[in-house]
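Asks: Chain residues, written in single-letter form:
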Amino acid sequence: DQQVKQNSPSLSVQEGRISILNCDYTNSMFDYFLWYKKYPAEGPTFLISISSIKDKNEDGRFTVFLNKSAKHLSLHIVPSQPGDSAVYFCAAKISTNAGKSTFGDGTTLTVKP
Amino acid sequence: NAGVTQTPKFRVLKTGQSMTLLCAQDMNHEYMYWYRQDPGMGLRLIHYSVGEGTTAKGEVPDGYNVSRLKKQNFLLGLESAAPSQTSVYFCASSYELANYNEQFFGPGTRLTVL
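So the sequence lines, in the order shown, correspond to chains U and X.
Going by the numbering used here, the first sequence opens with residue 1, and the numbers climb by one from there.
Going by the numbering used here, the second sequence opens with residue 1, and the numbers climb by one from there.
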């Protein structure tokens with residue numbers, strides 16, 4: 001049973017518009033969530049995170065929203081840029097569990113100029 | 001700082017052959033992880049280590065062994081490679097207080113088993 005799901009394998013947006021990537025989870029023990037970005041032939045790199053005690057975290061053009069009751073989080077990118085084109089992975093942790101993360105399958109974002 | 005490095009970058013094996021993937025990090029991180037990524041899927045944890053000399057099983061440990069003899073190195077071994085182990089392997093590391101910290105990933109090793 002997949003505990004972290006990203007139901008949209010791909011997303012295409014126009015440059016300058018908002019990109020919204022979604023992630024759902026099933027394990028209520030998860031209390032820390034992260035987004036990673038991955039370019040082809042590279043390893044994932046950390047983008048932004050949020051603790052379960054918050055419902056929003058913002059870092060420049062990137063904002064992550066957490067809805068605990070719905071077990072749903074989303075990543076907003078505003079404005080989107082062509083360099084944002086990559087695969088985005090949602091990850092979730094239980095904070096007492098050796099730092100291990102459970103990853104979603106990823107969403108490929110394409111930002112068109 | 002080089003961050004997390006992986007050796008080799010590419011490898012082709014025949015079924016039944018063995019090999020070792022090497023991961024090294026220069027950030028003095030306590031925790032290290034090995035993941036595999038298959039097409040269209042996320043990263044799945046194979047094994048992990050919370051410190052020198054300790055290892056533990058992850059989500060998909062069968063067919064793999066690991067060792068953490070030095071804090072900076074984490075080795076992943078395949079004793080008898082199978083086509084199902086064709087994948088991209090990523091190593092990652094994180095600080096000891098990893099509960100609220102991100103992982104730093106290496107560039108990956110693309111392994112093909114014929």
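These aren't lab readings, by the way, just hints derived from the structure by calculation.
Glycine is no exception: its CB is placed at the ideal position from the N, C-alpha and C atoms.
Treat each hint with caution, since some may be false.
[Claimed, not checked] Some chain U residues near chain X, calculated using beta-carbon distances under 8 angstroms: (1) S52; (2) S85; (3) F89; (4) A98; (5) D105.
Asks: Now tell me, hint by hint, if it's right for this structure.
Replies: Now the hints, each set against the structure:
1. S52: With a closest approach of 11 angstroms, the U:S52 hint is violated.
2. S85: Status violated, d = 18 angstroms.
3. F89: holds (6 angstroms)
4. A98: holds (5 angstroms)
5. D105: holds (5 angstroms)
Checked against the numbered hints above, the structure breaks hints 1 and 2 and satisfies the rest.
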